[in-house]
Amino acid sequence: MSEEKKYRKVKIKAGRGGWGGPLIVEPKPGKDLIYSVTGGGIHPIAAKIAELSGGRPFDGFKSKADFEQIAVAVIDCGGTARVGVYPMKKVLTVDIHAARPSGPLMKFITADLFVSAVKEGDIEVVE
Amino acid sequence: MNTVRQPTPIYEISITAIGPLVEEFTEAGVWVFFRDDAPEELAEFALLHHAEAPREPIAAGQVIEIDGQRYAVTGVGDIANKNIRELGHMVLKANGATEPELPGEVCIEARQLPQPSIGTTLRVWKEASEVC
Chain C
1 MSEEKKYRKV KIKAGRGGWG GPLIVEPKPG KDLIYSVTGG GIHPIAAKIA ELSGGRPFDG
61 FKSKADFEQI AVAVIDCGGT ARVGVYPMKK VLTVDIHAAR PSGPLMKFIT ADLFVSAVKE
121 GDIEVVE
Chain A
1001 MNTVRQPTPI YEISITAIGP LVEEFTEAGV WVFFRDDAPE ELAEFALLHH AEAPREPIAA
1061 GQVIEIDGQR YAVTGVGDIA NKNIRELGHM VLKANGATEP ELPGEVCIEA RQLPQPSIGT
1121 TLRVWKEASE VC
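Chain order of the listed sequences is C and A.
So the first sequence is residues 1 to 127, counted in our numbering.
So the second sequence is residues 1001 to 1132, counted in our numbering.
The set of hints was computed from the structure by calculation and includes no laboratory data.
Nothing here was measured: the structure is a model prediction, and the numbers come from that model.
Any given hint could turn out to be false.
Distance windows between CB atoms, simulated [stated by the list, open to error]:
#1 C:R8 <-> A:E1086: 27 to 35 angstroms
#2 A:S1129 <-> C:K28: 55 to 63 angstroms
#3 C:K31 <-> A:E1056: 41 to 49 angstroms
#4 C:P44 <-> A:G1119: 35 to 43 angstroms
#5 A:G1119 <-> C:E120: 41 to 49 angstroms
#6 A:E1023 <-> C:K31: 17 to 25 angstroms
#7 C:I24 <-> A:Q1069: 46 to 54 angstroms
#8 A:D1037 <-> C:E124: 32 to 40 angstroms
Quick reminder that beta carbons are idealized off the backbone N, C-alpha and C, glycines included.
Just chain C, with the same shape it has in the complex (with noise of 0.2 angstroms):
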């Protein structure tokens, strides 16, 4: 039995109209929040990513992180407000919804961090 947790790489597609990535998650030690930012617990996507991934979920409406220690944000924003927070952090980002590059924040959302309309087929483990 090994104590040390299974991470696995995986890959993050846009879904159908949506913008942005792929992204590669890659949970490490240290750096293995699954970030749910959405409310209402932890998103169904989030805890696929998690279940893939071998990351933690984290309800970030329940409990505070460090950035340094989130793999993945996972958002369901529509569009102005936490679409570019995550980003301007160099967070890697995932929008349940068909986001694009908007709002005051818009510079820091790039395709290397965003990606948007995110459907559980677009998740898929890449090692």
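Put chain A on the given structure of chain C with help from the hints.
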């Protein structure tokens, strides 16, 4: 005895905290509200409050009153009411759009928003005639 029924707003927010980036957002005609349990990184550009969920959905044709100023609601995005109900998260944009550019927005008349302060109130009224 006659009782006069006082109209009650659909939604009433009193601002409890203002993030450091709110001034810039206000100049861009955008207010972002979150309930005060929102993560710190969102509070940076947000107006915080701890209002109850709206009594009914916010819709075009209603009136938003901010410290006595009236703004007609021109358009409401598809997920705006869900965000408001679940997270106290409202994105208010003073751009007069009838078709919001983004699904999370509540659009109102294109007039300058005031710089908010702690205690600034925002009320949503179903009918313009209800605004006290």
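Checklist entry - Using the C-beta atoms of S1129 (chain A) and K28 (chain C), is the stated range 55 to 63 angstroms upheld? => result Holds: the Cβ-Cβ distance is about 60 angstroms, inside 55 to 63 angstroms.
Checklist entry - In this structure, is the beta-carbon distance linking E1023 (chain A) and K31 (chain C) contained in 17 to 25 angstroms? => result violated (33 angstroms)
Item to check | C-beta pair P44 (chain C), G1119 (chain A): status relative to the range 35 to 43 angstroms that was hinted | outcome: holds (39 angstroms)
Checklist entry - Are R8 (chain C) and E1086 (chain A) spaced within 27 to 35 angstroms by their CB atoms? => result holds (31 angstroms)
Next on the checklist: I want to verify a distance hint. Is the separation of the beta carbons of I24 (chain C) and Q1069 (chain A) within 46 to 54 angstroms?
Outcome noted: holds (48 angstroms)
Next on the checklist: Does the beta carbon distance between G1119 (chain A) and E120 (chain C) stay inside 41 to 49 angstroms, or does it fall outside?
Outcome noted: Holds - the Cβ-Cβ distance for G1119 (chain A) and E120 (chain C), about 44 angstroms, lies within 41 to 49 angstroms.
Checklist entry - Taking the CB of D1037 (chain A) and the CB of E124 (chain C), does the distance hold inside 32 to 40 angstroms? => result Check passed, 34 angstroms falls within 32 to 40 angstroms.
Checklist entry - Is it true that K31 (chain C) and E1056 (chain A) lie within 41 to 49 angstroms of each other by Cβ? => result holds (43 angstroms)
When the structure is compared with the earlier hints, a violation turns up for hint 6 alone.
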